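Single-letter residue listing:
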Amino acid sequence: MNDRKDDSIDFGYQKVARSEKKNLVANVFQSVASKYDVMNDLMSFGIHRLWKRYTIDCSGVRKGMKVLDIAGGTGDLTAQFSRRVGPEGEVVLADINDAMLKVGRDKLRDRGVVGNVRYVQADAEELPFDDNTFDVITIAFGLRNVTDKGKALSSMLRVLKPGGRLLILEFSKPVSATLNQVYDFYSFNILPKMGQVVANDADSYQYLAESIRMHPDQDTLKSMMETAGYEKVDYQNMTGGVVALHRGYKF
Amino acid sequence: MTLLPLLPTVLFEKLANSLLKKDAQSSERLRRLAGKRVRLKLKELPFTTTVSVDEAGIYISTADSDDVDCCISTELGVLPELQDTANLTRLIKADQLDIDGDPMLAQQLVGLFKSLEVDWEAELANTLGDAPAHWFMKLWHKSRSHVEKRLEESKRWFRGVVTDEKQLLPTREEFNEFKDNMQQLRAKVERLQRQFGERKS
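Just so you know, the protein sequences line up as chains C and A, in that order. Going by my numbering, the first sequence opens with residue -13, and the numbers climb by one from there. Going by my numbering, the second sequence opens with residue 2, and the numbers climb by one from there.
Worth flagging that the hints you see were computed from the coordinates, not collected in a lab. Watch out, some of these pointers could steer you wrong.
[To be verified] Here are the simulated DSSO-like cross-link-like pairs (lysine-lysine), alpha carbons at most 30 Å apart as the crow flies:
id, chain 1, residue 1, chain 2, residue 2
1, C, Lys218, C, Lys21
2, C, Lys218, C, Lys88
3, C, Lys159, C, Lys137
4, A, Lys139, A, Lys115
5, C, Lys93, A, Lys23
6, A, Lys37, C, Lys88
7, C, Lys49, A, Lys115
8, C, Lys93, C, Lys21
9, A, Lys22, C, Lys49
10, A, Lys139, C, Lys49
11, C, Lys93, A, Lys22
12, A, Lys180, A, Lys94
13, A, Lys115, A, Lys22
14, C, Lys179, C, Lys147
15, A, Lys37, A, Lys94
16, C, Lys21, A, Lys15
17, A, Lys37, C, Lys49
18, C, Lys159, C, Lys7
19, A, Lys44, C, Lys218
20, A, Lys37, C, Lys218
21, C, Lys137, C, Lys147
22, A, Lys42, C, Lys218
23, C, Lys49, A, Lys23
24, A, Lys115, A, Lys94
25, C, Lys93, C, Lys208
26, C, Lys1, C, Lys159
27, A, Lys42, A, Lys15
28, C, Lys159, C, Lys21
29, C, Lys1, C, Lys93
30, C, Lys137, C, Lys7
31, C, Lys93, C, Lys8
32, C, Lys49, A, Lys15
33, A, Lys15, A, Lys180
34, C, Lys208, C, Lys137
35, C, Lys147, A, Lys37
36, C, Lys93, A, Lys115
[Claimed, not checked] Coverage of chain C stretches by chain A, computed from C-beta distances (three or more under 8 Å per stretch; other residues unrestricted):
id, segment
37, 31 to 41
38, 44 to 56
39, 66 to 72
Computed from a predicted structure; not experimentally measured. Where is the CB? At the ideal position from N, CA and C, for every residue including glycine.
Chain C with its partners taken away, still in its complex shape (with noise of 0.2 Å):
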């Protein structure tokens, strides 16, 4: 939230030198990249299969059309889009980690989701392409990691074509305050324990927890899309607010 306030930003709970979060993230999810989708499933029980499929609903992704999947991770986006998008259409996968990215090339390689997919390391402040180029964007559970929000949402504006859309999924705060403590109890003190159990880190699974109350809440980040140039933005809560998905045009 306070991306450019000063010199330290957020890494969950911690202060860090901006210039330093970006590795400290590469960090963690060099280290749950081999068990990034088991642990995806038993920590959501499975829930987030459906937050991802209802992203795709909303993209109004259509066949021969250009999709961007920023933070893309283990191609969960990707494989479905390429199947949308079909033969005349590309799928590009980017995701600042290599090592998430190389699961997820093996993963899609493996499905036989081969041919309109490509995969580009890319940070999302910097996005390496020419603008104008995709005509849906979408980014999933990467922007709390990114270091500058702001500039992120810009610079997916400029490659953003004219009439695209950008969907952010992300989690968000939960409306009800019974849920809030419910949700609290399970983030702070069993999702650790399954971290450590599962991928035998659970370092990275209290990050996740941390890093998920200083993400934007709902309306903040509603208003940020709109500071950076998107119109008609709006937002859907899913499963009470545990993640919002948040949707803006460019025109």
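Fit chain A to the supplied structure of chain C, relying on the hints for placement.
Just chain A now, kept in the frame of chain C:
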């Protein structure tokens, strides 16, 4: 609420696509409908369902608000009647159906599944082996014809009881006679109404 309709939708889509894959003719039928989109709005449901077709199968979405080729607004109970095109005009006049776009598209979409010809014995043989699959299908056909036969017998027995023995319902002949009388009566009433109207003017 957002996710509630999603789970059955995803499951149904998976089932539909795996059924389509089991018939080699499906790809040709899908190719003819590729790119078409049909939306269904049911009064009883708080969400709309959009079906998009491409060469690989169908996609079902409850969050799609983009343009479609055909949008059908109706009620759950009316759906079976849509199979017969003869009913469409009557349902539209009765405000039970509203179609915006190509009305044939929905029927062509249903036709994708109606025209499926799946060799279930071959499908079963892939998992069970040839002999068990053949035995299972034989048993299935035998049980099915047995159940159908028993069902028909029960229906006949029930018809006999309510019409002949207990006389709770009229026989077919009595019903036809009643229908003829009703038609004659309706014709007489219409004639009288006409005569009354003429005298009045």
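Status of each hint after checking the structure:
Restraint check: the Cα-Cα separation between Lys218 (chain C) and Lys21 (chain C) comes to about 37 Å, which exceeds 30 Å; the hinted pair is violated. Of the supplied pair hints, the one linking Lys218 (chain C) and Lys88 (chain C) is violated, its CA atoms being roughly 35 Å apart against a limit of 30 Å. Using a Cα cut-off of 30 Å, the hinted pair Lys159 (chain C) and Lys137 (chain C) holds, with the two alpha carbons roughly 23 Å apart. The hinted pair formed by Lys139 (chain A) and Lys115 (chain A) meets the criterion: a straight-line CA distance of about 23 Å does not exceed 30 Å.
Under the criterion of a C-alpha separation no larger than 30 Å, the hint pairing Lys93 (chain C) with Lys23 (chain A) is consistent with the structure, at around 26 Å. In summary, the hint linking Lys37 (chain A) to Lys88 (chain C) is not supported, as the alpha carbons are separated by about 36 Å, beyond the 30 Å threshold. For the hint linking Lys49 (chain C) to Lys115 (chain A), the alpha-carbon distance of about 26 Å falls within 30 Å, and the restraint holds. At most 30 Å may separate the alpha-carbon atoms for a hinted pair to count; Lys93 (chain C) and Lys21 (chain C) meet this at roughly 12 Å.
Taken as a hint, the Lys22 (chain A) and Lys49 (chain C) pair is honoured in the structure, with Cα atoms around 20 Å apart against an allowance of 30 Å. At roughly 44 Å between alpha-carbon atoms, Lys139 (chain A) and Lys49 (chain C) are farther apart than 30 Å, so this suggested pair is violated. With a C-alpha separation of about 23 Å, the suggested pair Lys93 (chain C) and Lys22 (chain A) falls inside the 30 Å cut-off, and the hint holds. A distance of roughly 26 Å separates the Cα atoms of Lys180 (chain A) and Lys94 (chain A); the hinted pair therefore holds under the 30 Å criterion.
Between Lys115 (chain A) and Lys22 (chain A) the CA atoms are separated by roughly 14 Å; this keeps the pair inside 30 Å, and the hint holds. Of the pairs offered as hints, the one joining Lys179 (chain C) and Lys147 (chain C) is violated, with about 43 Å between alpha carbons and a cut-off of 30 Å exceeded. Distance hint between Lys37 (chain A) and Lys94 (chain A) is fulfilled; the C-alpha atoms sit about 27 Å from each other, no more than 30 Å. Of the supplied pair hints, the one linking Lys21 (chain C) and Lys15 (chain A) holds, its CA atoms being roughly 26 Å apart against a limit of 30 Å.
Proposed proximity of Lys37 (chain A) and Lys49 (chain C) is supported: the alpha carbons are some 11 Å apart, at most 30 Å. The straight-line distance between the Cα atoms of Lys159 (chain C) and Lys7 (chain C) is roughly 23 Å, inside the 30 Å bound, and the hint therefore holds. Taking the CA atoms of Lys44 (chain A) and Lys218 (chain C), the gap is near 28 Å; set against the 30 Å cutoff, the hint holds. Among the hinted pairs, Lys37 (chain A) with Lys218 (chain C) is consistent with the structure: their alpha-carbon atoms are about 27 Å apart, no more than 30 Å.
A distance of roughly 18 Å separates the Cα atoms of Lys137 (chain C) and Lys147 (chain C); the hinted pair therefore holds under the 30 Å criterion. Distance restraint check for Lys42 (chain A) and Lys218 (chain C): the Cα-Cα separation of roughly 25 Å lies within the 30 Å cut-off, and the hinted pair is therefore satisfied. A C-alpha spacing of about 24 Å is found between Lys49 (chain C) and Lys23 (chain A), which places the hinted pair at or below 30 Å, so the restraint holds. The suggested pairing of Lys115 (chain A) with Lys94 (chain A) holds, with an alpha-carbon distance near 28 Å, which does not exceed 30 Å.
Taking the CA atoms of Lys93 (chain C) and Lys208 (chain C), the gap is near 33 Å; set against the 30 Å cutoff, the hint is violated. In summary, the hint linking Lys1 (chain C) to Lys159 (chain C) is supported, as the alpha carbons are separated by about 21 Å, within the 30 Å threshold. Distance check on the hinted pair: Lys42 (chain A) and Lys15 (chain A) sit about 21 Å apart at the alpha-carbon level, within 30 Å; holds. Proposed proximity of Lys159 (chain C) and Lys21 (chain C) is supported: the alpha carbons are some 26 Å apart, at most 30 Å.
The straight-line distance between the Cα atoms of Lys1 (chain C) and Lys93 (chain C) is roughly 35 Å, outside the 30 Å bound, and the hint therefore fails. Straight-line distance between C-alpha atoms of Lys137 (chain C) and Lys7 (chain C) comes to about 15 Å, which keeps the hinted pair within the 30 Å bound. For a cut-off of 30 Å, the pair hint linking Lys93 (chain C) to Lys8 (chain C) stands: about 25 Å separates their Cα positions. A distance of roughly 20 Å separates the Cα atoms of Lys49 (chain C) and Lys15 (chain A); the hinted pair therefore holds under the 30 Å criterion.
Proposed proximity of Lys15 (chain A) and Lys180 (chain A) is contradicted: the alpha carbons are some 49 Å apart, above 30 Å. For the given pair, Lys208 (chain C) sits about 15 Å from Lys137 (chain C) by alpha-carbon distance, which is consistent with the 30 Å threshold. Only pairs whose Cα atoms come within 30 Å are accepted, and Lys147 (chain C) paired with Lys37 (chain A) is accepted, the gap being roughly 24 Å. Restraint check for Lys93 (chain C) and Lys115 (chain A): not satisfied, since their Cα atoms lie roughly 36 Å apart, outside the 30 Å limit.
Residues of the segment 31 to 41 of chain C with a Cβ under 8 Å from some Cβ of chain A number 5, which satisfies the need for three, so the listed coverage holds. A stretch counts as covered by a chain when three or more of its residues have a beta carbon under 8 Å from one of that chain; for the segment 44 to 56 of chain C and chain A the count is 3, and the coverage holds. With 3 residues having a beta carbon nearer than 8 Å to a beta carbon of chain A, the segment 66 to 72 of chain C meets the requirement of three or more and the stated coverage holds.
Comparing the model with each earlier hint shows violations of hints 1, 2, 6, 10, 14, 25, 29, 33, 36; every other hint is respected.
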